[in-house]
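Engineer: As a plain string of letters, each chain reads:
2 protein chains.
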Amino acid sequence: MPDHLRRRLRRPRSGRLEAGGASALAPRTVEVRQSGFVAEPHGRAPDLDWARWGRPERREHLSAALVELLQQALGLRGPAPAVVEAADVQVPASRLTPPAHHDLAAVVGAVHVKDDPAARLSRAAGRSTADLLGMRAGTLDGVPDAVVLPGSHDEVQRLLTVCTAHRIAVVPFGGGTSVVGGVAARAGEHAAVVALDVRRLGALVSLDRESGLATLQTGLRAPEAEALLGVEGFTLGHFPQSYEYASLGGFAATRSAGQASSGYGRFDEMVVALRVATPAGSLRVGRVVASAAGPDLRQLFLGSEGALGVITELTLRVRPEPEVVVDEAWAFADFAAGVAALRKLAVAGEPVTVTRLSDEAETWVNSQLAPASPGAPAAAHGAEGCRAVIAHEGPADLVEARGRLVAALLQRAGGRRLAQPRAGEWRAVRFRAPYLRDALLDAGVFVETLETAGSWSQLARLRDGVTTAVVGALTTAGRPPVIMCHVSHVYRTGASLYFTVVCRIGPRPREAWAAAKRAAGDAIIAAGGTITHHHGVGTEHLPWMAAEVGPLGLDVLRAVKTTLDPAGILNPGKLIPPLD
Amino acid sequence: MPDHLRRRLRRPRSGRLEAGGASALAPRTVEVRQSGFVAEPHGRAPDLDWARWGRPERREHLSAALVELLQQALGLRGPAPAVVEAADVQVPASRLTPPAHHDLAAVVGAVHVKDDPAARLSRAAGRSTADLLGMRAGTLDGVPDAVVLPGSHDEVQRLLTVCTAHRIAVVPFGGGTSVVGGVAARAGEHAAVVALDVRRLGALVSLDRESGLATLQTGLRAPEAEALLGVEGFTLGHFPQSYEYASLGGFAATRSAGQASSGYGRFDEMVVALRVATPAGSLRVGRVVASAAGPDLRQLFLGSEGALGVITELTLRVRPEPEVVVDEAWAFADFAAGVAALRKLAVAGEPVTVTRLSDEAETWVNSQLAPASPGAPAAAHGAEGCRAVIAHEGPADLVEARGRLVAALLQRAGGRRLAQPRAGEWRAVRFRAPYLRDALLDAGVFVETLETAGSWSQLARLRDGVTTAVVGALTTAGRPPVIMCHVSHVYRTGASLYFTVVCRIGPRPREAWAAAKRAAGDAIIAAGGTITHHHGVGTEHLPWMAAEVGPLGLDVLRAVKTTLDPAGILNPGKLIPPLD
Chain A
274 MPDHLRRRLR
284 RPRSGRLEAG
294 GASALAPRTV
304 EVRQSGFVAE
314 PHGRAPDLDW
324 ARWGRPERRE
334 HLSAALVELL
344 QQALGLRGPA
354 PAVVEAADVQ
364 VPASRLTPPA
374 HHDLAAVVGA
384 VHVKDDPAAR
394 LSRAAGRSTA
404 DLLGMRAGTL
414 DGVPDAVVLP
424 GSHDEVQRLL
434 TVCTAHRIAV
444 VPFGGGTSVV
454 GGVAARAGEH
464 AAVVALDVRR
474 LGALVSLDRE
484 SGLATLQTGL
494 RAPEAEALLG
504 VEGFTLGHFP
514 QSYEYASLGG
524 FAATRSAGQA
534 SSGYGRFDEM
544 VVALRVATPA
554 GSLRVGRVVA
564 SAAGPDLRQL
574 FLGSEGALGV
584 ITELTLRVRP
594 EPEVVVDEAW
604 AFADFAAGVA
614 ALRKLAVAGE
624 PVTVTRLSDE
634 AETWVNSQLA
644 PASPGAPAAA
654 HGAEGCRAVI
664 AHEGPADLVE
674 ARGRLVAALL
684 QRAGGRRLAQ
694 PRAGEWRAVR
704 FRAPYLRDAL
714 LDAGVFVETL
724 ETAGSWSQLA
734 RLRDGVTTAV
744 VGALTTAGRP
754 PVIMCHVSHV
764 YRTGASLYFT
774 VVCRIGPRPR
784 EAWAAAKRAA
794 GDAIIAAGGT
804 ITHHHGVGTE
814 HLPWMAAEVG
824 PLGLDVLRAV
834 KTTLDPAGIL
844 NPGKLIPPLD
Chain B
274 MPDHLRRRLR
284 RPRSGRLEAG
294 GASALAPRTV
304 EVRQSGFVAE
314 PHGRAPDLDW
324 ARWGRPERRE
334 HLSAALVELL
344 QQALGLRGPA
354 PAVVEAADVQ
364 VPASRLTPPA
374 HHDLAAVVGA
384 VHVKDDPAAR
394 LSRAAGRSTA
404 DLLGMRAGTL
414 DGVPDAVVLP
424 GSHDEVQRLL
434 TVCTAHRIAV
444 VPFGGGTSVV
454 GGVAARAGEH
464 AAVVALDVRR
474 LGALVSLDRE
484 SGLATLQTGL
494 RAPEAEALLG
504 VEGFTLGHFP
514 QSYEYASLGG
524 FAATRSAGQA
534 SSGYGRFDEM
544 VVALRVATPA
554 GSLRVGRVVA
564 SAAGPDLRQL
574 FLGSEGALGV
584 ITELTLRVRP
594 EPEVVVDEAW
604 AFADFAAGVA
614 ALRKLAVAGE
624 PVTVTRLSDE
634 AETWVNSQLA
644 PASPGAPAAA
654 HGAEGCRAVI
664 AHEGPADLVE
674 ARGRLVAALL
684 QRAGGRRLAQ
694 PRAGEWRAVR
704 FRAPYLRDAL
714 LDAGVFVETL
724 ETAGSWSQLA
734 RLRDGVTTAV
744 VGALTTAGRP
754 PVIMCHVSHV
764 YRTGASLYFT
774 VVCRIGPRPR
784 EAWAAAKRAA
794 GDAIIAAGGT
804 ITHHHGVGTE
814 HLPWMAAEVG
824 PLGLDVLRAV
834 KTTLDPAGIL
844 NPGKLIPPLD
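In order, the protein sequence lines correspond to chains A and B.
Residues in the first sequence are numbered consecutively from 274, following this note's numbering.
Residues in the second sequence are numbered consecutively from 274, following this note's numbering.
So that you can see chain A by itself, here it is in the shape it has in the complex:
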């Protein structure tokens, strides 16, 4: 085997909970208990911190030089405001009535109905930059009146009956990593709102080794699911940036796409069957991987964002853990050349696990942030062209053969393969961005992302349209931004575009960003893109749902909602715009 193939560090058979191949993650040792078909992690991954992404020991610290550079480039003035800690936030009194509390407790047990301020605050918001700014300022759009933690599908089903009877809105809550307002605590027209936290639904229910099918409960965080599957020699292969905290239920409810989507597929493609609790009753949809028995009802619950039901179990296509993992770094003259090469690769249909191309700006920033490599002096902006990451995973012989075919194809398309030290950089920092955002916010720098997808022929126009819109809006708001873009999900007919926007926080940053987001959304629709390729709708993308699916499409969604949730208690104000 050529030495550019390196064996993957296999996860230990004892079922320790570690992120799949992510050396940047501190190992967490969570023993896995197995009894019959049901396996549960003994301990569980921690919750998100207040007003921040990850745990304190993983926080990023910016160098003084970088802070100075940012201050100059973005016109920062003065220190960022201090963070209001959770204990200092004014939390309104719970609106949950004693009879409602009693009935909820009768389903899940009193210990699993939490209405103390700390529990309610921890389930009040997701992790968009606007959410973080709200938390940092101690001002939240809403706080749930209680957090309810069911322990089984049947308890979820009974909770929905209780909440319907008491006119309580229900926000299904997984990892809490939504960046589109998906878990915002909105009561709508109801008397109160509870967060229905699926955390306790944390079992591997069954595993069909021959078919490569695992049935998992939806409260499992992604690393927990990988640990349970890793013990059995399988992986899901789903590694979005939210990987450390996001839940399987959230992946399904938002049609998540991971960094390895080129090889493992989008999350929605992995779902063979779902079990869903709705106020109208329970369903199991999906019998086998492909069927012609009418409309595919799985596709109504995938992307349903808690507005049509609570997904409690997923039967997922899983893969054998890869024998080898190979990361390659490639350079292209510019973004257009890189996109053209990726298109050729996609059309050829040769399997690739990760396909990721940064534009000139992101390439330069990444090289500034990367640990200094010996003999690799920092290049000037644009001098390096554009970088791409190509990764292959699988059996050694196939990975080697595919690597050769893909390399030949990329070389013919003008690509240049970079030396090995560069190749590992991406994997080492792949889950680092949310920690960096916290550090940047501490330094007074606003950073947020947005994403879309379009066909190959639309992509340049889509990128230009979004860039112009965001630069215009933020410049008008007195904070000219730096914008970076990358392609991270590639299809035969098109690709995603993911934008990272950086500017000074300045006064009223949430309003400034909302204006930029409005301009970007309009530009996306005008250029024929989708308003979201993998973040979901939530509250953020609601204004474009009519453009996305049309008025009659909305009527169809409303009819489905009315059938499953006649009282409209499920996640009001998300996904489906109200009738005018």
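Do not take every clue at face value.
Identical copies look the same in the list; a pair holds intra-copy or inter-copy alike.
[Said to hold, decoys possible] Derived pair list, reagent style DMTMM-like, types lysine to aspartate or glutamate, alpha-carbon separation capped at 20 Å:
hint: 1; residue 1: Lys834; residue 2: Glu341
hint: 2; residue 1: Lys834; residue 2: Asp670
hint: 3; residue 1: Lys834; residue 2: Glu462
hint: 4; residue 1: Lys617; residue 2: Asp670
hint: 5; residue 1: Lys387; residue 2: Glu330
hint: 6; residue 1: Lys387; residue 2: Asp322
hint: 7; residue 1: Lys617; residue 2: Glu505
Honestly, the hints are just simulated from the structure, not real lab data.
All figures in this text were calculated on a predicted structure; none of them were measured in a lab.
For chain A, the structure is supplied; the task is to place chain B on it using the hints.
Structural biologist: Chain B only, in chain A's frame:
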């Protein structure tokens, strides 16, 4: 290039209408006119004959020896009944009222509202064996009161308004190849029923070469679509057995899967966007290949079988015409060994265009039916084990590399590659089966197919269950059958099973088959399979829809139907079972 790679006979650039690489099809020369983005075939493929599959010149004739063999094996007695010709069928008077006729004609023009017996008979039924037996006997379950042929999406939309006003049921009609009763002329509770034939919707509306996206009207027959795309150097790659006559609209409405589904995907996977006319108005669903903007509404119309709307346009993922096509024949010791090898191939994820495995019985029958090869004496039943077809299509270098990897994998799994003459046999006869069925019916032999899919771990049980059920039912009905089975669609987690059942026609054959089908359907559900993998629901599979999607799933489908078709005029009695 090794000599086992043979260049595909490319379709001529002048746009002649020929089947994609199917040498068995007589070439039809249909000139293609192009104006701007809209291309239409000048002439059009012919309609299906009365009570038969194809055109007279393609009819199959059984040898005297084969007929004698069949007579002995199946216990045939006496000649088959003569076929009642269309002109001799008693057709009931049309129930279309003069005002209704007037209003329909006002939309499409009088010439496109046909209520003569010949036109009505030609749109009365699909092509299941039960349909053919009904036609042959001159007894049909129903005949449409008229055939209406709209020329545009807007005309379809206006027709639905007229039909709603006049209480006329509408059966959307494409190629008429349904084998599940999907186009049966049922008025339901309505005053009359018309066949809405999309035949005139026959244009290539637009082609985005860079993105590989073609927008095509749904009345195009598959060979017509291939001819239009072939002029531009593209192919859809969708080759089901109904290829010669089936329409694009039918493929979408029934979730068709073609013989090359392993490489090109199922038809539902090719659909990026649809345009649909419904009584409640028109929709366009699908903006780009993948989106997280809520539930995927495309998946409601894919598989909707004309019950939720009339699909008038499809934006489809198309591929460059393959540079080379390689067919390989493989042998395995038995069906279980072949299935195990296909599973390994699917899990490895190496691209293959066609993956097809016949069981012992089908292998033997195919070798009896194949043109005699020099030096290949007929083997005894079972002596050849099981045959598989593996085909690769694409750029020469990739096809060669993939061929080597796949061959190594199949050899390790116990496969033995057969000499070249065997390899081409399948492609030469790939669309022959429906012609053979006609010849067998002429000889008094009943032949019908049914299909399902399941996960790899279910497959043996699924096959046994169906076989036992069908043999039991037909033996009870006094006609012990021969059953053959093949796998033709392979996924990482499972595969399809396709059964061909042969017995004597005997008395009341439709009733005998209905009993066998009931037993098979129950066995499929009991074994965890899907009631249909690629034929659709129609009337035939209606009894199992509740088992397939659950009672609440049916409520969801009914709610969608009520929203889009409040009067219930669209294809009544199909897809969605009536409320008890």
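Engineer: Please go over all the hints and tell whether each is borne out by the structure.
Structural biologist: Structure-based check of all given hints:
In this assembly of identical chains, lysine 834 and glutamate 341 lie within 20 Å of each other by CA distance neither inside one copy nor across copies; the values are 52 Å within and 61 Å between. With identical chains, the CA atoms of lysine 834 and aspartate 670 are never at most 20 Å apart, being 49 Å at best within one copy and 51 Å at best between copies. Only within a single protomer do lysine 834 and glutamate 462 lie at most 20 Å apart by alpha-carbon distance; the minimum there is 16 Å, versus 28 Å between protomers. Only between protomers do lysine 617 and aspartate 670 lie at most 20 Å apart by alpha-carbon distance; the minimum there is 14 Å, versus 23 Å within a single protomer.
Within a single copy, lysine 387 and glutamate 330 get their C-alpha atoms no closer than 28 Å, and across copies no closer than 77 Å, so neither meets the 20 Å cut-off. Proximity of lysine 387 to aspartate 322 under the C-alpha cut-off of 20 Å is restricted to the intra-copy arrangement: shortest distance 18 Å within a copy versus 71 Å between copies. For a Cα distance limit of 20 Å, the shortest separation of lysine 617 from glutamate 505 across copies, 18 Å, qualifies, whereas the shortest one inside one copy, 36 Å, does not.
Comparing the model with each earlier hint shows violations of hints 1, 2 and 5; every other hint is respected.
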